[in-house]
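Listed in order, the protein sequences are those of chains B and D. Just so you know, we're using our numbering here: the first sequence kicks off at 1 and counts up by one. Just so you know, we're using our numbering here: the second sequence kicks off at 176 and counts up by one.
Check before you lean on any hint, since a few could be wrong.
What the hints assert, rightly or not - With a Cα cut of at most 30 Å, we get these calculated DSS-like pairs of lysine-lysine:
hint: 1; chain 1: B; residue 1: K12; chain 2: D; residue 2: K275
hint: 2; chain 1: D; residue 1: K230; chain 2: B; residue 2: K118
hint: 3; chain 1: D; residue 1: K230; chain 2: B; residue 2: K48
hint: 4; chain 1: D; residue 1: K279; chain 2: B; residue 2: K48
hint: 5; chain 1: B; residue 1: K52; chain 2: B; residue 2: K119
hint: 6; chain 1: B; residue 1: K56; chain 2: B; residue 2: K140
hint: 7; chain 1: D; residue 1: K279; chain 2: B; residue 2: K14
hint: 8; chain 1: B; residue 1: K48; chain 2: B; residue 2: K148
hint: 9; chain 1: B; residue 1: K119; chain 2: B; residue 2: K148
hint: 10; chain 1: B; residue 1: K87; chain 2: B; residue 2: K104
hint: 11; chain 1: B; residue 1: K75; chain 2: B; residue 2: K119
hint: 12; chain 1: D; residue 1: K279; chain 2: B; residue 2: K12
hint: 13; chain 1: B; residue 1: K169; chain 2: B; residue 2: K35
hint: 14; chain 1: B; residue 1: K23; chain 2: D; residue 2: K195
hint: 15; chain 1: B; residue 1: K87; chain 2: D; residue 2: K275
Said to hold, decoys possible - Stretch by stretch, here's where chain B covers chain D in the computed footprint (C-beta under 8 Å, at least three residues):
hint: 16; stretch: 187-198
hint: 17; stretch: 217-230
No lab work stands behind these hints, which were simulated from the structure alone. For every residue, glycine included, the Cβ atom is placed at its ideal position computed from N, Cα and C.
For reference, the chains in residue letters:
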Amino acid sequence: MNIEEIIPNSNKWKISKGIAYVKYLAWIPIIDTRKGYIEIFFDVRLMKYILKLIPKIDTEFYLISPLLSNPVNAKMLDEEIHRVNIKNYLSNYANPRFFRDFQKIEFDLITNLILYCKKFDTMLLVKESYDEVNSEVQRKGYDWYLNKEFYDTPVEIRDEFSGLYRQIKLAELLN
Amino acid sequence: MRTRDWRIFHEERLFIKRIKRFSRRWYHFETANGNRMQNPHWLDFIGRSDYNFYKNGVTREYESRYKHKYSPNKSSGRYRDPRPKSRNSGGSTGKRESDKILTKRIIQEYYEYRRDYPE
Numbered sequence: 001m002n003i004e005e006i007i008p009n010s011n012k013w014k015i016s017k018g019i020a021y022v023k024y025l026a027w028i029p030i031i032d033t034r035k036g037y038i039e040i041f042f043d044v045r046l047m048k049y050i051l052k053l054i055p056k057i058d059t060e061f062y063l064i065s066p067l068l069s070n071p072v073n074a075k076m077l078d079e080e081i082h083r084v085n086i087k088n089y090l091s092n093y094a095n096p097r098f099f100r101d102f103q104k105i106e107f108d109l110i111t112n113l114i115l116y117c118k119k120f121d122t123m124l125l126v127k128e129s130y131d132e133v134n135s136e137v138q139r140k141g142y143d144w145y146l147n148k149e150f151y152d153t154p155v156e157i158r159d160e161f162s163g164l165y166r167q168i169k170l171a172e173l174l175n
Numbered sequence: 176m177r178t179r180d181w182r183i184f185h186e187e188r189l190f191i192k193r194i195k196r197f198s199r200r201w202y203h204f205e206t207a208n209g210n211r212m213q214n215p216h217w218l219d220f221i222g223r224s225d226y227n228f229y230k231n232g233v234t235r236e237y238e239s240r241y242k243h244k245y246s247p248n249k250s251s252g253r254y255r256d257p258r259p260k261s262r263n264s265g266g267s268t269g270k271r272e273s274d275k276i277l278t279k280r281i282i283q284e285y286y287e288y289r290r291d292y293p294e
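Whenever a hint applies, use it, and build me the whole structure from the sequences.
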C-alpha cells in the first residue's frame, strides 16, 4: 500500500526515506514503511493524527513505541523492542482519550496486539507487561482531608483492565 | 499581513523558545508516553503538562514580556487593540487577550461541570 494514499495532501505532512512526518512544532515521525509493512508510532503527542489515519488503512499495520523513532534505541535487542512495544500498546489502551476514541472509530486494539504478538512469537511477554500496566491502572490513593479513596483512571478502564488478560487469551484462540 | 497565520507562526516560535529555556533536566525525566530517559531533547516535552502550560498559559499585559515584543501594537504599550464598544461587538471585551481569558474561563467552567471522575 502506498503511503501517499493515506496521508493528507498538505504542507504539514512530508515523506522522506520511507518515513512520513507531521509538522507539530517540529517534524515528528508518524509512519515507518522501511520493513515492508506499515508501522505507526503509537504516540500520545500525535493522537489526533493517528485516530484519523487508522480507519484509512486496509493492509496489515502495527503500532510501535515512539522510543524506536530514535535511531539510538534501534540498537536494542529484539526481545527488549517487543517488550517496549507491548507495554506501549497496553499503557496507551489505559489512556482515557485513546480508550474512548477507539470505541468511536470501532478499532479493536487488542486484536492488533495479538496479530503483532503472533507475527513475532512474543505471546509470552504479554503477561509481564500486563501486570506492570495493571498495577498502575488499579493504583489508588487516600485523601486524608476528605476521608476518601481516589483513583487516577476512570471506572470504565479499571473494569476493562481487571478482565483484560482473559480477553487477550480468548482473542488469541479466535484469531 | 498580521493575520491568524502570522500570529500562529510567532506563537510557535515563542513556545519553542520557552520549552528550550526550561527543558534542561539533569535528573530522571518522564515523557508524555511514560518513558523514562536522561538528558531529554526539547521535543520530549511536547504533550506534558509543563508544555501545555507554556503553550496555553495566558498572561496579562503587565505580566508579559514577549507579547509586547511581537505585538502589532507594541508602540502603544498598555492600551492596545482598542475596539469600539458597540451592541454588535458579540460580547467582546475590547481586546483579543482579555477575550481569550474570558473564553478559557467559560470552557473551564463547562468542563468542571461535566467532569464526573468516579470514586
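Hints and how they fare:
1. In summary, the hint linking K12 (chain B) to K275 (chain D) is supported, as the alpha carbons are separated by about 26 Å, within the 30 Å threshold.
2. The suggested pairing of K230 (chain D) with K118 (chain B) is violated, with an alpha-carbon distance near 42 Å, which exceeds 30 Å.
3. Restraint check for K230 (chain D) and K48 (chain B): the C-alpha separation of about 17 Å stays at or below 30 Å, so the hint holds.
4. Simply put, K279 (chain D) and K48 (chain B) have alpha-carbon atoms about 21 Å apart, close enough for the 30 Å limit, and the pair holds.
5. With a C-alpha separation of about 25 Å, the suggested pairing of K52 (chain B) with K119 (chain B) holds against the 30 Å cut-off.
6. Simply put, K56 (chain B) and K140 (chain B) have alpha-carbon atoms about 38 Å apart, too far for the 30 Å limit, and the pair is violated.
7. Note on K279 (chain D) and K14 (chain B): the hinted pairing is violated, with a Cα-Cα distance of about 33 Å set against a maximum of 30 Å.
8. Taking the CA atoms of K48 (chain B) and K148 (chain B), the gap is about 35 Å. The hint is violated against a cut of 30 Å.
9. A threshold of 30 Å between alpha carbons decides the hint, and for K119 (chain B) with K148 (chain B) the separation of about 46 Å lies outside it, so the pair is violated.
10. Distance hint between K87 (chain B) and K104 (chain B) is fulfilled; the C-alpha atoms sit about 23 Å from each other, no more than 30 Å.
11. The straight-line distance between the Cα atoms of K75 (chain B) and K119 (chain B) is roughly 21 Å, inside the 30 Å bound, and the hint therefore holds.
12. With a C-alpha separation of about 27 Å, the suggested pairing of K279 (chain D) with K12 (chain B) holds against the 30 Å cut-off.
13. Of the pairs offered as hints, the one joining K169 (chain B) and K35 (chain B) holds, with about 28 Å between alpha carbons and a cut-off of 30 Å not exceeded.
14. Restraint check: the Cα-Cα separation between K23 (chain B) and K195 (chain D) comes to about 18 Å, which is no more than 30 Å; the hinted pair holds.
15. Proposed proximity of K87 (chain B) and K275 (chain D) is contradicted: the alpha carbons are some 39 Å apart, above 30 Å.
16. Coverage of a stretch by a chain is defined here by at least three residues with a beta carbon nearer than 8 Å to that chain's beta carbons; for the stretch 187-198 of chain D and chain B the count is 3, and the condition holds.
17. Only residues whose beta carbon comes within less than 8 Å of a beta carbon in chain B count, and the stretch 217-230 of chain D has 3; three or more means the coverage holds.
Violated hints, in rising order: 2, 6, 7, 8, 9, 15; the structure is consistent with all others.
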